[in-house]
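Trainee: From first to last, the protein sequence lines stand for chains X and B. Position one of the first sequence corresponds to residue 1 (my numbering), numbered consecutively onward. Position one of the second sequence corresponds to residue 1 (my numbering), numbered consecutively onward.
If you're looking for bench data, these hints aren't it; they were derived computationally from the structure. Misleading hints may appear alongside valid ones.
Pair by pair, the computed Cβ-Cβ distance ranges are [to be verified]:
1. B:Leu13 / X:Gly152: 23 to 33 Å
2. X:Cys471 / B:Tyr28: 43 to 53 Å
3. X:Pro3 / B:Tyr4: 48 to 58 Å
4. B:Leu13 / X:Val158: 43 to 53 Å
5. B:Ile48 / X:Ala184: 22 to 32 Å
6. B:Ala64 / X:Gly411: 42 to 52 Å
7. X:Val352 / B:Gln26: 37 to 47 Å
8. B:Ala64 / X:Ile43: 51 to 61 Å
9. X:Ile407 / B:Pro20: 56 to 66 Å
10. X:Ala165 / B:Phe21: 49 to 59 Å
11. B:Tyr4 / X:Val476: 38 to 48 Å
12. B:Gln26 / X:Val199: 41 to 51 Å
Here are a few chain X residues that face chain B, going by a calculated C-beta distance under 10 Å [said to hold, decoys possible]:
13. Met28
14. Glu31
15. Tyr84
16. Ser85
17. Ala215
18. Val240
19. Thr318
None of the values given here were measured: they were computed from a predicted structure. Where a beta carbon is used, it is the ideal one built from N, C-alpha and C, also for glycine.
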Amino acid sequence: MTPALGIIIGVFVLVVALGLAARRGHEMNLEQWSVGGRGFGTIFVFLLMAGEIYTTFTFLGGSGWAYGKGAPAFYILCYGAIAYSVSYFLLPIIWRFAQARRLVSQADFFAVKYDSRALGVVVAVVSVAALVPYLVLQLKGLGIIVSEASGGVVTQQVAIWAGSAALVVYVVVSGVRGSAWTSALKDVMILAVVIAIGVYLPMHYYGGYRAMFEAVEAAKPGALTLPSSGMSPAWFVSTVLLTATGFYLWPQFFAGVYTARNENVFRKNAVILPLYQLIILFVFFVGFAATLVVPGLKGADADLSLLRIVEHSFGSWTLGIIGAAGILTALVPGSMILVTAGTILAQNVYRVITPTATDRTVSLVARSLVPLLALASVLLTLRGGETLVVMLLMGYNFVTQLFPALILCLGENPRVSAASVIAGIVAGELTVVFLTVTSATVATLLPAAPQMIKDLNVGFVALGVNAVVLCAVALVTRPATVSAA
Amino acid sequence: MRRYRWLAVLPTLGLLGGIPFANRVQPYIAGLPFLLAWIVGWVVATSIIMGLIYRLDKRNDAAAEVAVSPVDHPIP
């Protein structure tokens, strides 16, 4: 066994132990399991919210984009800052409503606001359709990291099965508490690892940041700026806006909001999180450093650039530590996804079709769904080919379709009817599917438009269809009024 | 009246509004090409701006608590 494999196995055991220990001292009813009994302070909520930015996507994809695409990667650094500045005002509103009515899921929020269980079911379906591919993405990343770091000794398949089994065990036992505890370990490791290699590699290979960027620019002219067509400034701005819009609509982060003890937690986090996400900068540095050190990774292989340059530069020990940190970037978001998906299906689908179900049964159903969801995701990870890529592309656009519904219900009463919101969401989702399946872009839809329009993110088209249908139905239906809690 | 809260739109306007003009390599700032430096600068500014709003809100909350019940902060 190489040191790398030893470290990975060690951290793996530590994660499961931490995840299980998180339960201690808490009776696990649904409210504890799903939203931590609404007792998390600034640090735990901070860790859950930071979870969105440090997934395997940022770890492998952030360096991969910097390596393969250059400046367009910078968008990853932008949408968080914008979403956090909004979160200062948005999250306390959501939290207050959820707190007063003891909500446990995002679908609950919409169902209660619009007084429509049907809307709850629609949101639940959208959520799960977006969450499962997101989990698959994390599992894929986990497989790649473990097999690379172990030098192929552990195959991707074995890693994916082992990772999912670990997830199921501690998620069923500890719920979102397990996510919070393990994310503490994750953030410490990522912080140490990413800053260390993000400082060391550019210094070691190029003598400094400026020298590194100059070498990259000389070898690949234009890599450090946005091109004038394709991933142009128009693409960049529209993609950042669209991604920031969808940021808090991911069901696991929306429910993460409910875990907070009080609303001041969000205000403090809105101050700290923008600064904190600058760690992504170091991930970019690693990707740029890899451009000239381990050249030749094409297409999807660009995502391996971080692991390859580390392998090329350090011994097995370092590779093991980085691999272990990478595993955590898959497990923590994975655990939040499982808790959320289980809760949504139990609370917003099962409870609706079985109105007599007690809280105890719903809690049991939520936890029983975890192994099933994990199994489905593993099978999709191992078997899903092209369909999977398409589903992944759709995930973010799926949750973004909930944006109009959210904005229109932030006041005391929703401004439009549940029917109009449902119609808008369904129309929006169908448009997302259509656009993704046909690989449409604004350029293919409007071939005669100016280049700037052509480069806009096509996700806005679905959001536009959603808004138009919503308005049309809203004009002929009446909004519900929410009774005081 | 908490007009200072409008400061929160600055990150979005500054960061994104400046992208077409900041899309260049030169001059390097602190070793970073200009576009990246622009973005990093705005991300840091976001934290500073939100920190400022937080402090002003705290001060106003303290002042309001004397008059109104502390649980009932008005949101503009």
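Trainee: Which numbered hints turn out to be false for this structure?
Mentor: Hint check: 1, 6, 7, 8, 9, 12, 13, 14, 17 and 19 fail, others pass.
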